[in-house]
Amino acid sequence: MTKPNATSNSRKTRLPVLGSAGATPDSSSVDQEFALGADELVIEGGASRRKFIGLIGASTALAGLGSTGCLRKPAENIMPFAKRPEDLIPGVPVYYATAMQVGGTVQGLLVESHDGRPTKVEGNPRHSGSQGATDVFAQASLLSLYDPERSRQPRSATVSAHTFAPAGQLEEAKKATTEHLCKILHDRSIAATNSIDAAAQAKARCEQAIETSGVWETGKAADGREIAAVSIDWDEQIETTWEDAWGHILPKLGPLHATGGQGLALVVAGSLSPSYRGLQQRFVRAYPQAKVVLCDPTYPINTIRAAEMVGGEGSRVFYNLDDVKTIVAIDCDFLGVDQDHVRLAREFSEGRKLKGPEDGDKLSRLYVVEPHLTSTGAAADERLRLPATDIVDLLAGLVIELMENHGGRLPSGSEGFAALIKTRGQFDDRSKRFIVALAADLAAKALPDAEPVEGEASKRQRVLIMVGERQPPLAHGLGFLLNSMLLAATVKPPGAMRMAHRLDTVPYVGMVEFASGLEDGTITHVICLGSNPAYEAPGVLELATKLQKAKLLVHAGMHCDETGQLAHWHLPLSHYLEAWGDLEAMDGTTSIVQPLIAPLFDTRSETEILAMLLPRLEGQEWVFSPAELPGASLVKDYWKSEIANATRETQSLSDRVWRRWLHDGLVSGIPRSPAAMLPNNWQPFADLMAARKVDEDSPYEINFHLDPKVLAGSFSNNAWMQELPHPLSKLVWDNGAYISAALAVEIGVENGQNLSIKIGESRMEVPVWIAPGQHDKTVSLTLGYGRVGVGTVSTGAGFDVNKLRQDEARWFARGELSRGSGTYALVSTQDYGSQDPDGKHGASFGMFNFEPRPIYRETTVAGFKQDPDFAKRGDLMTPDRLKSPWSRHDSTVDPNFGVPIMVGPHHWGMAIDLNLCVSCNACVVACQAENNIAIVGKKECGNGREMHWIRIDRYYTGSEDNPEAVLMPVGCMHCETAPCENVCPVQATAHSPEGLNDMAYNRCIGTRYCANNCPYKVRRFNFFNYNRNLDPVVQMVKNPDVTVRFRGVIEKCSYCVQRINTAKIEAHLDGRDKVRDGEVISACQQVCPTRAITFGDISDPESAVSKAKYADNKPEYSQRQPAKRSYGVLTDLNTQPRTSYLGRVRNPNPKLA
Amino acid sequence: MPAIFPRWTNKIPLVLGIVAPILGALLIFGVWYWWSADYTDVGYQPEQPVKFSHALHAGDMGMDCRYCHNTVERSPHAAIPATATCMNCHSQVKTDSPKLAMVRKSYETGASIPWVRVHMLPDYVFFDHRPHLASGVGCATCHGRIDGMVVVEQAKPLSMGWCLDCHRNPGPNLRPLDQITNMNWDQSPEQASYDFTKDPERKRMPSPPVHCSGCHR
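So the sequence lines, in the order shown, correspond to chains A and B.
Residue 992 in the numbering used here is what sits at position 992 of the first sequence, and the numbering runs on without skipping anything.
One rule links them: number in the numbering used here = place in the second sequence (from 1) + 10000.
Be aware that one or more of the hints could be misleading.
List time: in silico DSS-like cross-link candidates among lysine-lysine, alpha-carbon distance up to 25 Å [as the list claims (entries may be wrong)]: (1) K10094/B <-> K10105/B; (2) K546/A <-> K758/A; (3) K10198/B <-> K1074/A; (4) K1107/A <-> K353/A; (5) K220/A <-> K252/A; (6) K252/A <-> K551/A; (7) K83/A <-> K10051/B; (8) K83/A <-> K10105/B; (9) K183/A <-> K203/A; (10) K362/A <-> K872/A; (11) K83/A <-> K10094/B; (12) K1074/A <-> K10203/B; (13) K865/A <-> K1151/A; (14) K10051/B <-> K10094/B; (15) K83/A <-> K10099/B; (16) K1017/A <-> K872/A; (17) K865/A <-> K362/A; (18) K1017/A <-> K730/A.
Honestly, the hints are just simulated from the structure, not real lab data.
All figures in this text were calculated on a predicted structure; none of them were measured in a lab.
Isolated chain A, as found in the complex (with noise of 0.2 Å):
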């Protein structure tokens, strides 16, 4: 016998908030595309000009009239607390310790709190999964808090009402409540369409659904009165409360007790939370017929199951890239979106420094075999184009090239799998040729005493081999092998590939599993709390139709997203920077999750909602909890057990060391992740490479990547990623189907054409972006588009492709392509007005043609032997030639002729070294937060009318079968004789006599003079009021320190100059006439996870900055020589800019030259 004691009369409260058209946002914005200051836009397109024009007048007049002193400027408040909070200053912000989930990734954050309210996001120096730095999803969390199309509420379609009315009269008090429930939903359609039909109609909807099928609830009050409820299922779903939620969940799920839970289902999210990970276990303890199901694109499954294949279950395999002198990442974007991508940037950066020509042999060697160009595949000294399917059979011709040709040692009881494997031996030429020379150059570094290699160093080094996330258990299988064989795998730290045991796993079922559940009936009630499987599932499983087939779907999520839309009741989720919780990362870095902010709107984290839905076991029976239990004690509760077991018993929490690991932002002082281990079990790898089979009839592969943007979708609602470039097609707010030139040739597609993509009995059509790098027999897609319903950010942005996939753990597959109809507009923001990167061309007008001016520039090891100066060789102009009229730095000069003179006690500079930016686009978010940008929309960034003060520009270089990109950060290069400085009519843009590039907005009038001067196009335009009538919810994210900008003015990067001052301020009050090394840092600089920028004032010769732009440290700056691979971009117009490059040097294996 089961009995939920949820107050059994909860749901009888009445809905205090049905009726408020004001909880969700205003419908009639649906349709427009981009919600966020770009209301504009419809006057832009529909307005002529003259009433345009007649608009600007009659606002003028207005404008006029208040602000000529008649009125004066409206009185503003101070509300100062009541009682201030200890160590709480007002206007001064604070720190605070937390620490967020990205698929497999755990990064330990910073976030800085502005008065209470969160307005950027850093990484944690102490922990080790962000070590300082932050990803771009990280930045961009931020904007998700206050995202204003949150769900704000539980919704629900089943709507009830309930009235009193005096002891004996029940008919009444049942008339009285029919009237008040229809009354609120014909005022609810008042609100939301404004139609006075509508409204009657949907009142007579409401009495006849009352009539026909309400259910009816009646009973007596404690002071005598009836109480009549009823509640009815209403066409569309309605805002309600919690208590009517829990009263209607609650009581649906009690009875399933007496069966253990059959038919129940419980679709999670992958979660690294130990606290959450424990609650599941207790869910699957007091329910034990019932179903995890993982339902998690971003989630690492093949990685994990690879590894509990081979090290039992709860293994887990990390990366470790310290003093790695090889690294062959197989299809792993671990730069990018792969499992620890923060930690290994920052780790494989610390391999590609060097300083001058000597460093060359210690530079590490990155290897990317990979079908689809990414960050990594970017970074790479060899990379090789490859199917994703013909992956496994490239692992199986090196384990075979080693074992034959190198001397390399099988693990024990691997025997048996090395026997099959086999390749398909399908390979052309320069596949087998970088098989064969990247097996000899990892059996030269790691196994010399196998074969002494002549002129290398004997002595052996540290080589990884990397699979990704998207290829099968196999294939990390192989890899595993591998790097067994390579001595990579140990069980100690120094191992580069370790694996760790969790002991608290959870039984997950998969996605097929779960359909085929729901469509036979065996699945009946399904809670989905943070899932969303009717969009991310596999589309062949058409689980949004299945789910409907349930007769109880309880749906938790950031936003009523499809799954949300879908179910009887939708809870709304907590952000991360609004709940408790606790991180694990896969090394064992453990860290508690504090809230910086109480919930924006009436909302519960998931560990809340999974406590709610748990019973416990009192005597004979199962007993709901009687109220809602606060994330913060269920976590130190978890804690707190945790301590009692590792301890035995013999210690506990205490207050002092809970907070020590609040502050900190990691949980010390208590073993965890125990065993460390090695592979040992290579039977289910041999069971596989013997079951495998490839589809060789269809001609092309479809491959399915997680969008380094939005991921699998939770970002796709976030402005800031929707309108970030991406990494290296840099399309904005949409995406498209990759692929190579030849294909398209092949295919007869320009971009912007639809590409029609077959997978088995799917299809879809998808607009073709042509991307340099792409495997000629494959297209890339990317998830997390054409979200429906979510929000107006995501509306109308990209396509689902989810619908093409067949498996959720299989991330490509065989398919058919042809030539679609129709076309679509892709934008990018890069292939407008750019000039030719190599310099090759010059340009073909005649008297405008100009010499070739390369903006980037980079070398190999060998050619920077050959020629240390070879940054140099781009300069058209040599420094003597360069000759100014005036000088900035000569003090005897007058001021007064408008030259300003920089002798600050500083010179701001940066250098920005191209060998370490990996194009993560983290700077690029975090200017955006540090720095108020503004959105525009993805019709303006049609029109090269995007904000970014940073910008992350890509070239593609080498030949077309080959090509190689590069990326370079560009924001305003701060020129000491800046051109867009001399033409401006008003002074708006002046010299700093710190060498900054100062813009005065409040000056500016628009001429945009100085955007047309400047040869880098970094200064953007306000073309609209992009900052007006911003929801107040997205208001909150604005930092305070940085003036949020009008129509009508130019802004960009001003190198941070509120950190600048904030810095010589808190150093004016120390007494300290300049500020020191290390103190300013700038946005983009604190955020970058390789350290590629480097920030710093360029007048001390021992600052960092100065270190890295320059060869020696004469005291004056312009004596210098600069450094080896320095140089600066246009320098040949005399801008001398203060941002300077450090040249790249690739290590590319001269066998596969």
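Given the structure of chain A, go ahead and fit chain B onto it with the hints provided.
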């Protein structure tokens, strides 16, 4: 045939020549004065929700400015005090004065008292109290004789030109660091002889910015 223009019209150019410059000068003077912050902003004296008298508290009783505005040395803002600060004394003094009803209510309910901002800078100006205090700019230099104001009013224009006057030549407005809250410093005998460049208490000489990004970011 009579003349089209009567004889007196000959004087028009002369009169215009004299009157037009005067009118022009008056117009320029009018704009310069009536549209300047000296006229538009100085003297702004909004009514406050609680009739708090600085003349009584800071003047007659001689309370230090920083008893209430206690974040001025640690934050860009000299925060308006929390209600709890008022109640430090007013839980003992004038405990049932009707003028303090809103203060007591705020303390009980936690609702803020909606003070009206007097000293308002545009949103594109970033002012920080801390370096000004550290350089020895007194409260009265910018806020006037608050100790004599029953209702606080804006005493100085707070315009960009006014700021720059001091940033270009800070000397006359600097005082010893221990005299910052002294409202009478300008009348004191030491004032005439004070030379900030010879003050041994100063850890560094002030170097106020006069470039755009000093205040606009």
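A quick look at each hint next to the structure:
Between K10094/B and K10105/B the CA atoms are separated by roughly 14 Å; this keeps the pair inside 25 Å, and the hint holds. Annotation: proposed proximity of K546/A to K758/A holds, straight-line Cα distance about 23 Å (limit 25 Å). Between K10198/B and K1074/A the CA atoms are separated by roughly 21 Å; this keeps the pair inside 25 Å, and the hint holds. This hinted pair checks out: K1107/A and K353/A have alpha carbons roughly 13 Å apart, not beyond 25 Å.
Between the alpha carbons of K220/A and K252/A the distance comes to roughly 24 Å, so the proposed pair stays at or under 25 Å and holds. Note on K252/A and K551/A: the hinted pairing holds, with a Cα-Cα distance of about 10 Å set against a maximum of 25 Å. For a cut-off of 25 Å, the pair hint linking K83/A to K10051/B stands: about 20 Å separates their Cα positions. At most 25 Å may separate the alpha-carbon atoms for a hinted pair to count; K83/A and K10105/B meet this at roughly 12 Å.
For the hint linking K183/A to K203/A, the alpha-carbon distance of about 7 Å falls within 25 Å, and the restraint holds. Simply put, K362/A and K872/A have alpha-carbon atoms about 23 Å apart, close enough for the 25 Å limit, and the pair holds. The straight-line distance between the Cα atoms of K83/A and K10094/B is roughly 20 Å, inside the 25 Å bound, and the hint therefore holds. Only pairs whose Cα atoms come within 25 Å are accepted, and K1074/A paired with K10203/B is accepted, the gap being roughly 12 Å.
Proximity of K865/A to K1151/A is assessed by CA-CA distance (about 18 Å); at most 25 Å being required, the pair is judged to hold. Under the criterion of a C-alpha separation no larger than 25 Å, the hint pairing K10051/B with K10094/B is consistent with the structure, at around 14 Å. Simply put, K83/A and K10099/B have alpha-carbon atoms about 20 Å apart, close enough for the 25 Å limit, and the pair holds. Our distance criterion of 25 Å between C-alpha atoms is met by K1017/A and K872/A, whose separation comes to about 22 Å.
This hinted pair checks out: K865/A and K362/A have alpha carbons roughly 13 Å apart, not beyond 25 Å. A distance of roughly 16 Å separates the Cα atoms of K1017/A and K730/A; the hinted pair therefore holds under the 25 Å criterion.
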